[in-house]
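Numbering (the numbering used here), first residue to last: 3 to 366.
Just so you know, the hints here were simulated from the structure itself, not pulled from any lab data.
Ideal Cβ positions, reconstructed from N, Cα and C, are used throughout, including at glycine.
Each hint should be verified, as a subset may be incorrect.
[Unchecked claim] Heads up, simulated PhoX-like pairs for lysine-lysine below, C-alpha to C-alpha not over 20 Å straight-line:
no.	residue 1	residue 2
1	211	184
2	362	346
3	206	149
4	222	211
5	354	344
6	357	313
7	250	206
8	320	357
9	344	362
10	157	108
[To be verified] Derived DEER-like restraints, expressed as beta-carbon distance ranges:
no.	residue 1	residue 2	range
11	352	142	55 to 61 Å
12	293	354	21 to 27 Å
13	261	343	16 to 22 Å
14	354	130	35 to 41 Å
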Amino acid sequence: MTRILRPLLLVIAGSAVALAQNTPVAANAAQPDHATSYYQYTLAHMYANLAAESGNADTARQAIAAYKAAIAADPLSAMLADELSEVYIQFNMLREARTDAEDAIKRNPNDIAAHRLLARIAVRQINDPQTNRINSAMIDKAVEEFKKVTELDPKDADSWTMLGRLQRVGQDSDGAQNSFQKALDSQPDNEDALVGMASVYLDKGDNAKAADMFKRAADKNPSAAALKRLAGTYEQMHEYGLAADTIKKALTYNPPDATDLRKALAEDLLNAGQAPEALEAYAAVAAEDTEDFQSHLRMSQIYVQMGEFTKAREESDKAQKIEPENIEVRYNDVSILQAEGKPKDAIATLEKILKSTEAKTYSA
3 MTRILRPLLL VIAGSAVALA QNTPVAANAA QPDHATSYYQ YTLAHMYANL AAESGNADTA
63 RQAIAAYKAA IAADPLSAML ADELSEVYIQ FNMLREARTD AEDAIKRNPN DIAAHRLLAR
123 IAVRQINDPQ TNRINSAMID KAVEEFKKVT ELDPKDADSW TMLGRLQRVG QDSDGAQNSF
183 QKALDSQPDN EDALVGMASV YLDKGDNAKA ADMFKRAADK NPSAAALKRL AGTYEQMHEY
243 GLAADTIKKA LTYNPPDATD LRKALAEDLL NAGQAPEALE AYAAVAAEDT EDFQSHLRMS
303 QIYVQMGEFT KAREESDKAQ KIEPENIEVR YNDVSILQAE GKPKDAIATL EKILKSTEAK
363 TYSA
């Protein structure tokens, strides 16, 4: 769940636009005072940085007050509302934030920013750090608030995406699929919504549609992470050639886990029946990681399939030098002897393995 919850905390937009005013947002929205808003934002940003450095709650409240004044001058600024929420959360003023939001909703039940703040607070409390369990009541609360947000602003793709993520965590696949679709209706290239929809399709076992979503996301914003997701889906579909091509593209971005990606590339090439290319990929991995016996073992097995037994033996010996007691490596000698048409030698080698691993007692 952590993988899902972390982006929830990062992407949700929200705060109480009307927290510092008794007048509904719409009354002031027509003529925002940008000059005053920018001045108050500058103060708020300064106080927020000072509070972060010192940990002083009073300075944090000064930042909150300045953010409220900036929002009062420019109620529709999503950036101001989002930063106000961050201050509340950073300084663990969730009760104060909730009170402000609930008061704003009492004055104006359709205060969308206040609903966003309540949703964000609920998301913050989904994962109980003491029990390390998911609080289903907080999921329900966050879903309720985001449903209200999307009702008030049907074009808010980010809120639709967050609602979809929450519904997926709550195991409401159909609801999540509908929410992600609403987000894509508003923003067809929204990467988070595309990835969310792909995840729902994976949950439902529809790998082909999941791959289509991942491909759209990778085409829109090419990155190693996006391409790895797509390659993983191709692997589940047993489309190893497509997976290999996709990993090659991912490697062009020089990701930090390039060695692991090269290992995956080699496996995909082998599964795709591209033995010579797989040999090259395994050789590159072995050269990069001198302790990687698996690559030498795989190369030995490929050479056996190609009937090149001398090379197979050379790679097997390299693997044994790194991991002399590994059963898989030792049994590879048996496979080579069998392939060479030496059954007696294969039997003798296998008997040695059995003898050396013999124990006085065995578990069930």
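Hint check results:
no.	hint	in the structure
1	211 <-> 184	holds (17 Å)
2	362 <-> 346	violated (27 Å)
3	206 <-> 149	violated (23 Å)
4	222 <-> 211	holds (17 Å)
5	354 <-> 344	holds (16 Å)
6	357 <-> 313	violated (28 Å)
7	250 <-> 206	violated (28 Å)
8	320 <-> 357	violated (23 Å)
9	344 <-> 362	violated (31 Å)
10	157 <-> 108	violated (25 Å)
11	352 <-> 142: 55 to 61 Å	holds (60 Å)
12	293 <-> 354: 21 to 27 Å	holds (25 Å)
13	261 <-> 343: 16 to 22 Å	violated (37 Å)
14	354 <-> 130: 35 to 41 Å	violated (55 Å)
Going through the hint list in order, the structure does not satisfy hints 2, 3, 6, 7, 8, 9, 10, 13, 14.
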